[in-house]
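Protein sequences appear in the order of chains A, B and C. In this text, residue positions in the first sequence follow the working numbering: the first is 876, and each later residue adds one. In this text, residue positions in the second sequence follow the working numbering: the first is 646, and each later residue adds one. In this text, residue positions in the third sequence follow the working numbering: the first is 40, and each later residue adds one.
These aren't lab readings, by the way, just hints derived from the structure by calculation. Take these hints with a grain of salt, some might be off.
A few chain A residues that face chain C, going by a derived Cβ cut-off under 7 Å, partial list only [unchecked claim]:
hint, residue
1, Thr883
2, Gly900
3, Leu902
4, Thr903
5, Pro908
6, Val909
7, Pro953
8, Leu954
9, Thr957
10, Arg960
11, Leu965
12, Val979
13, Tyr982
14, Phe986
15, Ala987
16, Val988
Ideal placement from N, C-alpha and C gives every residue a C-beta, glycine not left out.
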Amino acid sequence: MSNTTEKTYTRSHEPIFWGLFGAGGMLTAFLTPVMILITGILIPLGLIDSKHLSYEKVHLFATSWYGAAIVLVLVALPLWHTLHRIYHALHDLGIKRGRDLQQVFCYGFAFAVSIFVFTLLLQMF
Amino acid sequence: MNASTITIDILRYRPEMDEKPFTQSYEVPYSADLSVLESLQYIKDHLDSTVSFRWSCRMAICGSCGMMVNGVPKLGCKVFLRDYYPKKVTLAPLANFPIERDLVVVMDDFIDKLESVKPYLIPEKEKDLATGPHQQTPLQMEKFKQFSMCINCGLCYAACPQYALDKKFTGPAALALLARYNRDSRDNGEAERMKIVNQEEGVWGCTFVGYCSVVCPKDVDPAAAIQLLKVDSSKDYLIGMFKPD
Amino acid sequence: MSKRKPYVRELPIDWWLKNAFYTKYMIREGSSLFITLYSLILAWGVFRLSQGEAAFNAWMAALHHPFSIILHLIALALALYHTVTWFSLAPKAIALWIKGKRLPDKFIIAGHYGAFVVVSIFCLIIITL
Ligand code: SF4
Ligand code: FES
């Protein structure tokens, strides 16, 4: 059963998604805990004064070109990480039907939210 | 009571008479220096000669005696009853492989996977004998040595849920073996092997569960090999975008 | 005639609950659900920001709700779990060779934690400036 004829190999496009997954995962690992701590816990509990995240301050930041870029990355990039994981977790859970559709939905979701945030930031400029 | 005993449950399957596997219990005299493999040999010699299992070296080098010990893939000769006593020991054939009989599994797919990665040196050009051996420095050898320590026991395949979910996945040991040749300074077959790596069922079937590296009795760390190959594959992908072949 | 009849065991659908290592893996993957949710909360915040001051303040007020705080506490725990697992796996993709030896994993991991602490403190300071 030695096969002397060369098999045909199909290249996967996973590297694109894996690259985004890795970048998002790195960002999430370093920054998400402290971001959650600030916006979701310390400010609501009053341990950091909410004036530090006032409308003027945030608006000023988000309408500068670098601020907008930072906001976009902080909000959107983690999604490319998490939706990649969710897509693969669906496979782990044994949901075999409609893998193509699952893929379109997962990465499409990350893409849609990225565009949504991008458009909002552009609009505010 | 001078002689204490330990209970060993074995998942048995005799293809000529059983529809499906069932558990059978044995009482074995306990001693701290008895390996699980030796306890199986005790059972075969004294209690039930019909129990089947594979072994050869008894020293964690041949890779024959892989089995599930209390649900974890282990080499029978490398785990001891003292690790479990006084609790009972439950033995089952390696997970993710079809059961041939009792603790013996069908490893054909595993062997095919190993063969599929071109696990041999592909030199740039044939050297004739007169020019002497291929030279390699210790440093060059260090780059792949870890990945060459595999004993083909199959424990990592039994530990891998991605292989369990999709038998097309090339799997840990084969990919570590592939990395071993790709990293060998005497080899020039990387371009050929990257085609295998780049596929969905190559490295991209892996979600880095990481259990393969935990159970590997030889510290091959196949998960690391796959991770490095993912980086290689991503570079290959980028190059491929600009320079399609 | 061959008596061979290999028996194939089915993978139980709850395989990841049967082994603590797999369960931890699934928690790691599951952390992404809460991190997704957090990103959506932020995206919503950007949306409200674009609608003006009143809208933004309403978004901020919603974050003060006890339910929101509990949600963020869970998200924080899972995000930290992601951080820990990410750092422990990071060295696997890095093969740094220094003087013929591969840089030991623990140095790379320690470096990640060091940077994590610095970045976190930096963020806490910069927000209160
Ligand atoms: S990589 Fe380790 S666990 Fe896998 S077959 Fe080789 S020695 Fe066994
Ligand atoms: S008998 Fe050889 S590895 Fe256990």
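Ala987/A as an interface hint toward chain C, with CB separation required under 7 Å: violated, 10 Å
Restraint: Thr957/A near chain C, CB-CB cut 7 Å. Satisfied or not? holds, 3 Å
Let's test the interface hint: is any C-beta of chain C closer than 7 Å to that of Pro953/A? holds, 5 Å
Interface hint check: Thr883/A, Cβ to nearest Cβ on chain C, cutoff 7 Å. Holds or violated? Not OK, violated: Thr883/A not within 7 Å of chain C, min 28 Å.
Is the interface hint for Gly900/A satisfied, with its Cβ closer than 7 Å to some Cβ of chain C? holds, 6 Å
Next item in the hint list is Leu965/A. Is there a CB on chain C closer than 7 Å to its CB? violated, 10 Å
Does Val909/A meet its interface restraint, that is, does its C-beta lie within less than 7 Å of any C-beta in chain C? holds, 4 Å
Restraint check, 7 Å cut-off on beta carbons, for Tyr982/A near chain C: violated, 13 Å
Would the hint on Arg960/A stand, with a C-beta cut-off of 7 Å toward chain C? Constraint on Arg960/A satisfied, holds at 4 Å.
With a cut-off of 7 Å on the beta carbons, see whether Leu902/A makes it to chain C. Violated, because the Cβ-Cβ distance from Leu902/A to chain C comes to roughly 10 Å (cut-off 7 Å).
Would the hint on Pro908/A stand, with a C-beta cut-off of 7 Å toward chain C? Holds - the Cβ of Pro908/A comes within 7 Å of chain C, reaching about 5 Å at its closest.
Is the interface hint satisfied for Leu954/A? The criterion is a beta-carbon contact with chain C at less than 7 Å. holds, 5 Å
Violated hints, listed in ascending order, are 1, 3, 11, 12, 13, 14, 15; each of the other numbered hints is respected by the structure.
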